[in-house]
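Using the supplied hints, reconstruct the complex from the two chains, each of which is provided in its own coordinate frame.
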Amino acid sequence: MDNLSDTWVYLSASPLFHLTLTLVAFQGASWLFEKGKRHPLLNPVLGAVLVVVAVLLGTGTDYASYFEGAQFVHFLLGPATVSLAIPLYRQWHRVKASALAILSAILAGSLAASGTAVAVAWAMGASPELLATVAPKSVTAPVAMAIAEELGGLPSLTAVLVIVTGVMGAMLGPLVLDLVGIKDWRARGLAIGTTSHGIGTARALTVNDTAGAFAGLAMGLNALATALLLPILWGLFF
Amino acid sequence: MLNYLTLIFVCQLLGEMITGALGLPIPGPVLGMVLLFGFLMWRGDVPSPLGEVAGSLQRAMSLLFVPAGAGVILHAHLLADALLPLGLALLVSTVLAVLVTGFIMIWLSKGQADG
Chain A
11 MDNLSDTWVY LSASPLFHLT LTLVAFQGAS WLFEKGKRHP LLNPVLGAVL
61 VVVAVLLGTG TDYASYFEGA QFVHFLLGPA TVSLAIPLYR QWHRVKASAL
111 AILSAILAGS LAASGTAVAV AWAMGASPEL LATVAPKSVT APVAMAIAEE
161 LGGLPSLTAV LVIVTGVMGA MLGPLVLDLV GIKDWRARGL AIGTTSHGIG
211 TARALTVNDT AGAFAGLAMG LNALATALLL PILWGLFF
Chain B
-8 MLNYLTLIFV CQLLGEMITG ALGLPIPGPV LGMVLLFGFL MWRGDVPSPL
42 GEVAGSLQRA MSLLFVPAGA GVILHAHLLA DALLPLGLAL LVSTVLAVLV
92 TGFIMIWLSK GQADG
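Sequence order for the protein chains is A and B.
Numbering-wise, the first sequence is residues 11 to 248 according to the working numbering.
Numbering-wise, the second sequence is residues -8 to 106 according to the working numbering.
It should be emphasised that the hints constitute simulated quantities derived from the structure, not laboratory data.
All C-beta atoms, glycine included, are put in the ideal place defined by N, C-alpha and C.
Any given hint could be a false lead.
[Said to hold, decoys possible] Coverage of chain A stretches by chain B, computed from C-beta distances (three or more under 8 Å per stretch; other residues unrestricted):
1) 84 to 94
2) 110 to 118
3) 145 to 159
4) 175 to 181
5) 204 to 213
6) 230 to 244
Bound-form chain B, shown alone (with noise of 0.2 Å):
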């Protein structure tokens, strides 16, 4: 399982260098995930160790999020100077933003069978 996690941390840090040294307009860790993903393709299937190590981080994951929520409160301010504004435009844009996305994979996936 170990092997895994390095694996995991590998990736992440050639994702960083490489987006660091080219100066790729994406996040370390989205190109480690490309890169885990080819060492899959490669590879032909998922190592069960691999899996197991993936899938506790991922039950984890809404947990990893509430330290940067709580960065929430250094702008208490600012956030409730421009609260109307920046809450409507949250609000009607994230309703829009599911609306559209997931019609239009509904629309163009249409007739063909999903699998």
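Only chain A is shown next, with the shape it has when bound in the complex (with noise of 0.2 Å):
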């Protein structure tokens, strides 16, 4: 027994147990998504973080030391970014093709996203901090993040609601737009990807070429024409 908690100590202080423990779970939840014929709603990304936290919180460890491991895979979201331009490169003839109707579409979905998102919160009484804090949150992190901090919201919590906003699109997504018949592959996955941002984006990949390389262009601009924008609008509201 003894043994068995001096290894634990030593594991739980190395990257090597987070990191395993991340793949393991996605695994898992990559299983069953396969097993459920890859229904939307059985979202991998969202099994396998309700696996980690509940780990989490029944090791009693903090995220801090979870993310000394987690960090490998992490740090691999950038890279995973800018290869998107490969898909793009190999669909932009179909781009190039609808540029105007892309640009449109982008904006629309990006002003619904943020509109709505703080037209919801406002009316349900949410505090000026939470409308700053929910409003860039169909953004890729980053961007949404700099976002909140420049409207005075809480880019911390807007992490986790882009997050969140991301997993939701994947999973809603693909059921709503089989429910209306949008079954072109360019509108499916500029809605995704606006929606959703990389998360969106990793799903959209999954499924077809076109969605996903149109998903990835929507993200990009999706991104910047929210941190332009966003705080402009911002101005003449609040």
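Here it is as structure tokens:
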């Protein structure tokens, strides 16, 4: 028993344990996702996060210690984002052919995402600080946090809302699009990418190349549009 | 394959340096994506090892959000306090943003053949 607890003390302080936990949790959630015929509601990000959170709470581990191991996975988000240039390049003829429609759709989606989130939270009596925190939630995390800071919100809570929005959009987006009969992969990709940034893009890439490329494009342009426009619009209303 | 992984890292690094130096409102990796896209346009095709590296990264992309997602425990109490306004705001805006983006794309690209 002593050996076991010594081993635990050693392992829980090394990055290996939390890195492995992240991978194993994700493998398990992916297995369930495949078993469930890739139903969007069985989103593997959500499943893996629930398992990790349960283990951290169960073992009394704080997030900072967990992140020491998990940062190696987290770090790859940057290179993965850069690599979205490849699907974008491969689909470039499609993008060029409907550039105006794409820009209009992303801009309108961007305004709808921020505007309706702020309106609903405001109607429910949320504080100005909370409104500023929720406004940039459809944008990829680093940009969303910077915008929240500029508007007077809580950047670290914004980061959480960004992830929740991402998972929500990846889960509900395909169901909503099916329901209203939008089958065009370009429109589906743009809708998921604008609403759910990288998490939506990751989901779109597993379904269809065109949808993946359009989602990646939407993620990048929505980040740019929100960063430029939201602070100006905010000044008009608050 | 390693040379193309290096290229991806170089694009990200340049992206971070340029956005940082000029104070641009986009993340370094997004500018890195634009730089790599420029390289592909200049080259005129995707070298197959680069396609393989990118494919591996993208197949694993969902996994990469798990560490940030677990950060939800840092704000459990704040989230619990504002569960209803936040939950409803996210739910309504997610569904509406999907619909608005999707329908506008369909309407404005109507009549254009896909491809």
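Right, here's what the structure says about each hint:
no.: 1; hint: 84 to 94; verdict: holds (count 10)
no.: 2; hint: 110 to 118; verdict: holds (count 7)
no.: 3; hint: 145 to 159; verdict: holds (count 7)
no.: 4; hint: 175 to 181; verdict: holds (count 5)
no.: 5; hint: 204 to 213; verdict: holds (count 8)
no.: 6; hint: 230 to 244; verdict: holds (count 5)
Figure legend: structure checked against the earlier numbered hints; every hint is met.
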